[in-house]
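K.L.:
Chains B and C: place on chain A using the hints.
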Amino acid sequence: MINTVNNIYTFLDLAGTFVFALSGAVAAKQKGLDIFGIFSIAFTVACGGGIIRDLCIGAVPPAGLTNWLYLVTVFAATIISIGFYRIVNILNHPVLLFDALGLSVFAVTGARKAIAFGHNYEVAILLGIVTAVGGGVIRDVLLARIPVILKKEIYASAAMAGAMIVVAGDYLGYPKETVSTIAIVFCFGLRFLGLHFHWNLPSFPDKGIKKDE
Amino acid sequence: MINTVNNIYTFLDLAGTFVFALSGAVAAKQKGLDIFGIFSIAFTVACGGGIIRDLCIGAVPPAGLTNWLYLVTVFAATIISIGFYRIVNILNHPVLLFDALGLSVFAVTGARKAIAFGHNYEVAILLGIVTAVGGGVIRDVLLARIPVILKKEIYASAAMAGAMIVVAGDYLGYPKETVSTIAIVFCFGLRFLGLHFHWNLPSFPDKGIKKDE
Amino acid sequence: MINTVNNIYTFLDLAGTFVFALSGAVAAKQKGLDIFGIFSIAFTVACGGGIIRDLCIGAVPPAGLTNWLYLVTVFAATIISIGFYRIVNILNHPVLLFDALGLSVFAVTGARKAIAFGHNYEVAILLGIVTAVGGGVIRDVLLARIPVILKKEIYASAAMAGAMIVVAGDYLGYPKETVSTIAIVFCFGLRFLGLHFHWNLPSFPDKGIKKDE
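First to last, the protein sequences are chains A, B and C. Following this note's numbering, the numbering of the first sequence begins with 1 at its first residue and continues without gaps. Following this note's numbering, the numbering of the second sequence begins with 1 at its first residue and continues without gaps. Following this note's numbering, the numbering of the third sequence begins with 1 at its first residue and continues without gaps.
Keep in mind the hints are simulated off the structure, nothing from the lab. Note that the Cβ used here is the ideal one computed from N, Cα and C, for glycine as well. Where hints are given, some of them may not hold.
Mimicking DSSO-like on lysine-lysine, the simulated pairs with C-alpha atoms at most 30 Å apart in a straight line are [to be verified]:
| hint | chain 1 | residue 1 | chain 2 | residue 2 |
| --- | --- | --- | --- | --- |
| 1 | A | 113 | A | 176 |
| 2 | C | 176 | C | 113 |
| 3 | A | 113 | C | 113 |
| 4 | B | 113 | B | 176 |
| 5 | A | 113 | B | 113 |
| 6 | C | 113 | B | 113 |
From chain C, some residues computed to sit far from chain B (all C-beta separations above 10 Å) [stated by the list, open to error]:
| hint | residue |
| --- | --- |
| 7 | 14 |
| 8 | 18 |
| 9 | 36 |
| 10 | 87 |
| 11 | 98 |
| 12 | 144 |
| 13 | 169 |
| 14 | 177 |
| 15 | 188 |
| 16 | 192 |
| 17 | 193 |
With the rest of the complex left out, here is chain A:
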């Protein structure tokens, strides 16, 4: 039973890595980067958030650099996004769903890992968010554009909700697996609804100031 749960976790973690790598590879390809650049951006999106988290909690070297499974997963995503670009584009909508799944899983595992290293709940929530959105922010910085997650439908806030559920469950002493599952489902649902109904957090445009998009 525990093993099944762990296997599911590992599977979800790699699935999240895969779809984040896919989104990075597609963006890099569209910018005309060479194959190494595409791979680098894909790796950064998939592992960047986790690497920052690990540096902040003192888990060196970061898991993204030591575990070859991540590297292989990113490599596969790069190859697929180049070789089957047309198909990946058609699958745009499913990819958004997988991206939402990656977001949820990373928010939960990020918060969980910070707690496991003995840090307080504020650290857990902040690093849950960083794990989930950090890679995407770095991708946009490398591609010289304002990080889209800072402007888009319920995204980082869904990650925050997921991390907060993990923290609340830990505080109340509820079983980890149940709490994590609830947190993932809630975060995923929030993001899915945000996408579906084009929910946006309020922004506050000025008259006469040109928006970037």
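P.N.:
Structure of chains B and C alone, referenced to chain A:
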């Protein structure tokens, strides 16, 4: 007496955090980011420099992530910059003064912390600068523009001066409180005069090369 | 004999630092930054990759911040790039060669340091690449453009080749000095040939999508 000094320090530190958060929130709002994006940029400006400093001296997790006072301060600055944008804009000049105060305080506390962790004077000076200007650099990177502090009136150089005074005082064994006060006043004065007289460090434009501003 | 080898290493390391700083200073000068900005960018290019590597392997504070030799080297490069800009420009081709040398040396020393800290081969290869190209990536991010190394002739891939030779040599138990020399020569040769023949890794442009260059 010691307590008074400590209280003043804490107050200055939070005041610095507040005004840096304010400057970040205003910049983010002008770019049309949503409320979460505004908060994220505000937090990054206020705490980014300190987080890099803490990673470099091995103080994990970074204080900016563990101490809720920073989070609350940034939250307050975000709310105020949105709700009272008109007033914040009118207060532009006072904000520049507060920003200069934040710069001075962060340069001094950054250098002080590096010394307290047993590192050498070069590290103290470099990380004093990083603490003071790091957040602003990250803000500009996230907003996809060349960091303004790399181009503007005496700014990072004022932070360097402050950090060097701290180091000189430590080397000569002078009392910390006195040295820190002098360093803050000197750094603040330098920045204030730089602003007032539009002092700039020399740059070296080529003919025929378009400058960015 | 050992001393000679060590001296050669130190010389190569500082030579790499110098040319990387030069490339950063020239780019910053062309963007109209002030002298402090030019120095900051030069320092970042020269030491940024090594600082990220040191954070990832837990070597805090990073060598780039503690060793004043780097600072002096960067300072010299800044002064030279400003005072002798015309000459530096004429020497553009030799500078590219030095840059290739810096790349090779940093890739090898980066991989070597990761192994010396007891980390696995994947970490060594990845951080060899990061040490070699990290500074250039940060430079381009600060100057708000897509990192050129993600688009250019065999560059990061040459660094990867150098790091892989170090790892292979370590695995087979070959003497370090020999392996390092071979790795540097191979990486340098690969980069030199890439430059000379304008080798590029494949990219995959779409019709109708404007490339950035």
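K.L.:
If a hint holds in the structure, say so; if it doesn't, say that too.
P.N.:
Comparing the hints with the structure gives:
This hinted pair checks out: residue 113/A and residue 176/A have alpha carbons roughly 12 Å apart, not beyond 30 Å. Distance hint between residue 176/C and residue 113/C is fulfilled; the C-alpha atoms sit about 12 Å from each other, no more than 30 Å. Between the alpha carbons of residue 113/A and residue 113/C the distance comes to roughly 27 Å, so the proposed pair stays at or under 30 Å and holds. Taking the CA atoms of residue 113/B and residue 176/B, the gap is near 12 Å; set against the 30 Å cutoff, the hint holds.
For the hint pairing residue 113/A with residue 113/B, the CA-to-CA distance comes to about 27 Å; that is within 30 Å, so the pair holds. Restraint check for residue 113/C and residue 113/B: satisfied, since their Cα atoms lie roughly 27 Å apart, inside the 30 Å limit. Taking the minimum C-beta to C-beta distance to chain B, about 16 Å, the non-interface status of residue 14/C holds against the 10 Å cut. For residue 18/C, the requirement that its beta carbon stay farther than 10 Å from each beta carbon of chain B is met, with the minimum near 18 Å.
Not every C-beta of chain B lies more than 10 Å from that of residue 36/C, the closest at about 5 Å, which undercuts listing it as non-interface. Taking the minimum C-beta to C-beta distance to chain B, about 14 Å, the non-interface status of residue 87/C holds against the 10 Å cut. Non-interface call for residue 98/C relative to chain B: holds, since the shortest CB-CB distance, roughly 22 Å, exceeds 10 Å. Remark: the non-interface label on residue 144/C conflicts with the geometry, its nearest Cβ contact in chain B lying 5 Å away (cut-off 10 Å).
Chain B leaves residue 169/C outside its interface by the beta-carbon criterion, the shortest separation being 31 Å against a cut-off of 10 Å. Look at residue 177/C: its CB is around 30 Å from the nearest CB on chain B, clear of 10 Å, so calling it non-interface holds up. Every Cβ of chain B is farther than 10 Å from the Cβ of residue 188/C; the closest lies at roughly 31 Å, confirming the non-interface assignment. Once the 10 Å rule is applied to beta carbons, residue 192/C is consistent with being away from chain B; the minimum gap is 29 Å.
Every CB of chain B lies more than 10 Å from the CB of residue 193/C, the least distance being 31 Å, so the non-interface label holds.
Consistency with the previously given hints fails for numbers 9, 12, ordered from lowest to highest.
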